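*Asks:* Chains as they are written, first to last, in the UniProt record's numbering: chain A, 1 to 248; chain B, 1 to 83.
No wet-lab data here; the hints were simulated from the structure.
Just so it is clear, the structure is predicted and the values come from calculations on it, not from any experiment.
It is possible that some hints are incorrect.
Across the chosen pairs, the derived CB separations fall in these ranges [to be verified]:
| # | chain 1 | residue 1 | chain 2 | residue 2 | range |
| --- | --- | --- | --- | --- | --- |
| 1 | B | Glu50 | A | Asp78 | 39 to 49 Å |
| 2 | A | Ser167 | B | Ala61 | 19 to 29 Å |
| 3 | A | Val95 | B | Asp28 | 30 to 40 Å |
| 4 | B | Glu34 | A | Gln108 | 31 to 41 Å |
Chain A side only, calculated, beta carbon under 8 Å to chain B, not exhaustive [what the hints assert, rightly or not]:
| # | residue |
| --- | --- |
| 5 | His101 |
| 6 | Ile102 |
| 7 | Met104 |
| 8 | Ile109 |
Even glycine gets a Cβ: it sits at the ideal position worked out from N, Cα and C.
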Amino acid sequence: MSDLPPIGPASVVVVSGGSRGLGLAIVTDVLDRGAKVAAFARTITPELQQLADAHPDRVLVASVDVNDHKALTAFIKDAEAALGPIDALVNNAAVGQDAMHIHMSPQQIGDIIATNLTSPLVLTRAVLRRIMARGGRGRVVMVTSVCAQRGYSGLVAYSATKGGLDSAMRTLAREMHGRVLVNSVAPGFFASEMSSVLGDQQLETIARRTPSGRMVEPDNIVPVVRTLLFEDTNLNGQVITIDGGSSI
Amino acid sequence: MSALSRDQIRTMMAEVLAAQGKEMPAEDTANLEELGFRSLDFSELALRVEDETGEELNFDAPGLRQIQTVADVLDFLEQLQAA
Ligand SMILES: NC(=O)c1ccc[n+]([C@@H]2O[C@H](COP(=O)([O-])OP(=O)(O)OC[C@H]3O[C@@H](n4cnc5c(N)ncnc54)[C@H](OP(=O)(O)O)[C@@H]3O)[C@@H](O)[C@H]2O)c1
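Bound conformation, chain B alone (with noise of 0.2 Å):
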């Protein structure tokens, strides 16, 4: 299957928000932290993303690590599929 669009990954995340009652902001830009979308939840979010592409994403902390913005998360998700 191929690999997914930033517009269909940005979707997934706003699920992945809205199960915990959060809302997917409008930026990019907006801070994961303040967002309270945290390293499980990118987990998870990486995880929905195989489920639909049928390949596996692997990836250690440190590249984890990095991920600080909306915009690092559609980035990284992006990086992984095309790996």
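Extracted from the complex, chain A is given alone in its bound form (with noise of 0.2 Å):
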């Protein structure tokens, strides 16, 4: 038999957007399994220094705009140096997005296309980088959106960002052969700050559509990342959406 052993859940895992909403939801999840997390955004939020503070040796944090690629470089290197060598990524960081493809300038699709897709592929290079030149082997997990499979009026960057980054996936996991395991998790709509556009009225009509008859929430979202980054369920190339069934 050629089978290769399993790959071994997460030891040190880099979180982008970690500060707050789902991310931080992530950070606080993956401390709790025992395991180091190296977290950034633009800015660190108390919440995020309160975890740094309250383990000083298994947090790294740092003040990082995932669009400065020299800096995120830096991130990861210090991170090693901080925490241990990285075998897992949450590409979590985003920017929304509530504006008509029309009226929305080339600059403004060009910044959402950065950050919510090159970035992230770059920031993955980085880290299986790290994975590869040490002959290690590890787990990504892309944060996606269920808008990469269904139409959002006023998504339009953001979902193709979306949708890019799920192609990306399927193709890393084959590429990864046997050393890095690379899904997706795709929610429906939750509450955090980037949702926060969304008024009462959209959020009564989006609960009352969803199957199972409440909205997502974070709390939801969390046990299927960390299934991805600790167990041994074989699952590759895969996106899991977590929409209460609105998509179906």
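Mind docking these for me? Both chains are given alone in their own frames, and the hints should help you get the complex.
*Replies:* Structural data, given as structure tokens:
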């Protein structure tokens, strides 16, 4: 038999956009699971700083713009120096959109693509290079969106980036054969700073139209990310949609 | 090219409505929903203003969602031109 042994649970996880919302919930959960975390965002929130202070040997936080690729590389280097070899990444940082495509400037479209697609690919490359350089194995989770599968007006560029990440995820899962498990979680709308543009009426409509009868919460998404980071499921190259069945 | 006046924008709005067989109301307090002037009609009007002035008017959906009356349309397009 030529079967490879399973890829082990993550031990040092990079989380982009770990300062609030879903990213902060993922950072907290990875710590609860006993692993180490390197998290960044442009602004470090008191909540993230509190986690860093509570677990100085297991958490590294820094203020990094994901579009500053030099700073990103430096952060990965610092993370390995502080926490040990990185073996997992959660690509969570992203910016939202709430504008019709025809009324967005080319610059605005480019900015969304840079933050939500180009930079996550650059970050993925940086982490995979670290894993490969030392002959390691690992796991990557892309946080994408149900918008990559269904049309929602006002989210054209955003949806394109999430679909792009899902496509890259599948190709990476093949390309990193036997060395890295790569998957996406695709949430439906959940309450956060990103979705705060939605009015009460829109939130109510989303909840009403959701077959499970309630909107998604970060607490629903975290266990799925945890499974992809730590469990031996042999899931690879998959998009796991977490939306209460809205997209069925 | 200089910004369009409120009256010029009102004339353009009347053209957008006329193309759909609808009439421009005399009162600026008229409600857009009752008038059948939808967000894509606002888009069309904004693009016509852009064509006339040669300047792009970029805006997001929350701004658009505030618009409820003819006066709101005229105010918003005036603001966008001034921005
Ligand atoms: N909320 C939803 O309804 C929803 C639905 C489906 C998918 N998602 C996805 O879920 C993920 C988390 O979203 P969320 O709702 O938790 O959003 P959020 O509350 O707005 O958090 C976004 C995080 O990304 C960081 N970030 C944004 N731009 C960055 C940049 N240029 N460099 C570094 N960090 C950056 C933010 O921190 P700073 O701003 O300080 O940099 C923050 O930590 C995203 O990938 C989003 O697309 C969200």
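*Asks:* Each hint needs a verdict: does it hold in this structure or not?
*Replies:* These are the hints, each one checked on the structure:
no. : hint                            : verdict
1   : B:Glu50 to A:Asp78: 39 to 49 Å  : holds (47 Å)
2   : A:Ser167 to B:Ala61: 19 to 29 Å : holds (26 Å)
3   : A:Val95 to B:Asp28: 30 to 40 Å  : holds (36 Å)
4   : B:Glu34 to A:Gln108: 31 to 41 Å : holds (33 Å)
5   : His101                          : violated (10 Å)
6   : Ile102                          : holds (6 Å)
7   : Met104                          : holds (6 Å)
8   : Ile109                          : violated (10 Å)
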